[in-house]
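Chains as they are written, first to last, in the numbering used here: chain A, 67 to 409; chain B, -8 to 113.
Any given hint could turn out to be false.
[Claimed, not checked] The calculated lysine-lysine pairs, modelled on DSBU-like cross-linking and capped at a C-alpha distance of 30 Å, are: (1) A/Lys316 x B/Lys51; (2) A/Lys292 x B/Lys51; (3) A/Lys137 x A/Lys291; (4) A/Lys85 x A/Lys170; (5) A/Lys77 x B/Lys51; (6) B/Lys51 x A/Lys137; (7) A/Lys291 x B/Lys51; (8) A/Lys137 x A/Lys170; (9) A/Lys225 x A/Lys137; (10) B/Lys51 x A/Lys82; (11) A/Lys377 x A/Lys111; (12) B/Lys51 x A/Lys92.
[Unchecked claim] One-sided excerpt, in silico: chain B residues whose CB lies under 10 Å from chain A: (13) Lys51; (14) Thr74; (15) Glu89; (16) Thr109.
FYI, nobody ran anything at the bench for these hints, they're computed from the structure.
Glycine is no exception: its CB is placed at the ideal position from the N, C-alpha and C atoms.
So the chains spell out like this:
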Amino acid sequence: MPVLCSSCSEKRAVLKRPKTGHSLCKECFFGAFEEEVHQTIVAAKLFKPGETVGVAASGGKDSTVLAHVMKLLNERHGYGLRLMLISVDEGITGYRDDSLETVKRNQQQYELPLKIVSYEELYGWTMDAIVRQVGLKNNCTFCGVFRRQALDRGAIMLKVDKICTGHNADDVAETVLMNVLRGDIARLRRCTAISTASEGDGVVPRCKPLKYAYEKEIVLYAYFKKLDYFSTECIYSPNAYRGHARTFLKDLESIRPSSIMDVIHSGENLSVREGVKMPVQGTCSRCGYISSQALCKSCVLLEGLNRGLPKLGIGKHHRLHEKILSQQPLTESEQRKLKSVDF
Amino acid sequence: MCARDINLVLQPRRWAPAFVLRHKGNVLYIETSQILRQIFFWWGGVCNVNLCVWFAGDMKQLLVWIQQNLLKERPELFVQGDTVRPGILVLINDADWELMGQLDYQLEDRDNIVFISTLHGG
C-alpha cells in the first residue's frame, strides 16, 4: 500500500526526509527543500540586493544543485543578485577534465557566465605533478589550500562581491568531527560559521547556503529534477583523512538521522576556554594573502614543491620558514627531513 | 566493475528474453534469460549501468545476488553486512525504499530499482 504525502495527502510519497521524518511527494519535497534554503539565506542575511555572487561550481552534485537553487530563488524571491559560475581546474586527469565538461553544460543550461581558473596557470603545478612528487598521502592538503586561493583569485578576476560554495550539512559535520579528532581548536571555532568574515584585500567573503541541507536530500533533489551532474570520486581521495570521519558519520546517520544536525549544533555552540592560544590573522609577507604565520600555507607548499622538498608544508616546520624567507640554504639533516620518502 | 562507481538500475522480471546486448550512449543494456556469473561491459563518462535481470524474491536476496554476480571487486564499497553501505540510496520505482519496507520489500514484475551513491565530491 503506497504511503501518502504527509503534507498534501494527495500524491504518493517518494521520500522520507531524514531531518523531520515526514514522507513527502515530489512537489512538496521540492517546495520544502527550496523554502529551507531560502530561510537559511534570509535568516543569516547572506546577500544584499545588487551584489555579484560567484557560485563555486565543480560539476558535482552539490554545486549543480546550488547553481540551480540560487538561480531559482533569485528569480522567485527577487534577491536582485547577479550570478556567475567559477570553476577550478586542478589538473587531475580522468576526474576534473570530465567534470569541467559538466560545468560547461551547466553554464549553457543556466545561462550564467563561467570562469575557469587552473592550478597550472596560477601556480605552475597540476595535481598530477604534485602527487608524483608528494605521494598518495597528504596530497589533499595541497589541493585544498591551493583551491581556496584559486577561488579567491578567480573571484577577484570576475569582480564578484561574494562566493557561495555547495558545502552541505554532512560536509560541515565531518569538518567538526575532523577538527575534534585533530585538536585544531582555531578551525573548530570557525568551521561552522555560515559565512566567512570579510576583512583583507585579496579575500572574498564566502558563504554556504546549503549548510543545513542533508546530502541525501541534495542527491534526491538532483535525481528527481534530472539535473546534469558528474558523479565520480576523485581518484586520489581513497586515502583522505576525511573518509574516516565520513564513514563514522554515515553509520551514525543510519542509526539516528538527526545526528548530523546535532553535530553541527554542538560545533556552533562550542566556546573556547580562557587562556587558550589562538592564531592571530595577519598577511603573508610574500604574496599578501591572509595568513596567521609569516608565510601563508600556499607559499610554503609552493616553495616546498619548487625546491624538491615536498614535506615542507606538511607537519610543523615553522622555524624553517624564516630560513626560507631569507633564502638561506638548509642544512643536510633539514633537507633530508623534508624530502619525500623514496620507495 | 568497481562497486564504487555504479549507479545501478535493476529491472527484475519474471520473464526475460534471450541474451541481447545493446549499447546506447554511455549506457550498456543487458537483457538476459539467466543469471550471468560474470558481466563484462564498458562504460564511459557517467557510470550508469542498466540491467534487466530475471529475479524473484525480496530486496535482501537481491543484494546477495548482486554481491555474488555483479561485483567483481571490493564488495564492501556497496554492501555492508545485510544491507547497502550507508551513503548509498535505494529507490524502488522512484520512491525511497524506507517507505516500502527496506530489505523486506518483495520484488514485483517490472519493478525499477535504482542505486545512487552519495559518497563522492560535490
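So, going through the hints one by one against the coordinates:
Proposed proximity of lysine 316 of chain A and lysine 51 of chain B is supported: the alpha carbons are some 20 Å apart, at most 30 Å. A distance of roughly 28 Å separates the Cα atoms of lysine 292 of chain A and lysine 51 of chain B; the hinted pair therefore holds under the 30 Å criterion. Pair hint lysine 137 of chain A plus lysine 291 of chain A holds up; C-alpha atoms about 14 Å apart against a cutoff of 30 Å. Among the hinted pairs, lysine 85 of chain A with lysine 170 of chain A is inconsistent with the structure: their alpha-carbon atoms are about 33 Å apart, more than 30 Å.
Annotation: proposed proximity of lysine 77 of chain A to lysine 51 of chain B holds, straight-line Cα distance about 28 Å (limit 30 Å). Our distance criterion of 30 Å between C-alpha atoms is broken by lysine 51 of chain B and lysine 137 of chain A, whose separation comes to about 41 Å. For the hint linking lysine 291 of chain A to lysine 51 of chain B, the alpha-carbon distance of about 29 Å falls within 30 Å, and the restraint holds. Under the criterion of a C-alpha separation no larger than 30 Å, the hint pairing lysine 137 of chain A with lysine 170 of chain A is consistent with the structure, at around 16 Å.
For the suggested pair lysine 225 of chain A and lysine 137 of chain A, the alpha carbons sit about 19 Å apart, so the restraint of at most 30 Å is met. The hinted pair formed by lysine 51 of chain B and lysine 82 of chain A meets the criterion: a straight-line CA distance of about 20 Å does not exceed 30 Å. A distance of roughly 41 Å separates the Cα atoms of lysine 377 of chain A and lysine 111 of chain A; the hinted pair therefore is violated under the 30 Å criterion. Simply put, lysine 51 of chain B and lysine 92 of chain A have alpha-carbon atoms about 27 Å apart, close enough for the 30 Å limit, and the pair holds.
Given hint, lysine 51 of chain B at the interface with chain A, is violated; its Cβ is 16 Å from that chain's nearest Cβ, farther than 10 Å. With a least beta-carbon distance of about 8 Å to chain A, the hint placing threonine 74 of chain B at the interface is held under the 10 Å criterion. For glutamate 89 of chain B, the interface hint holds, since its Cβ comes within 10 Å of a Cβ in chain A; the closest pair sits about 5 Å apart. With a least beta-carbon distance of about 5 Å to chain A, the hint placing threonine 109 of chain B at the interface is held under the 10 Å criterion.
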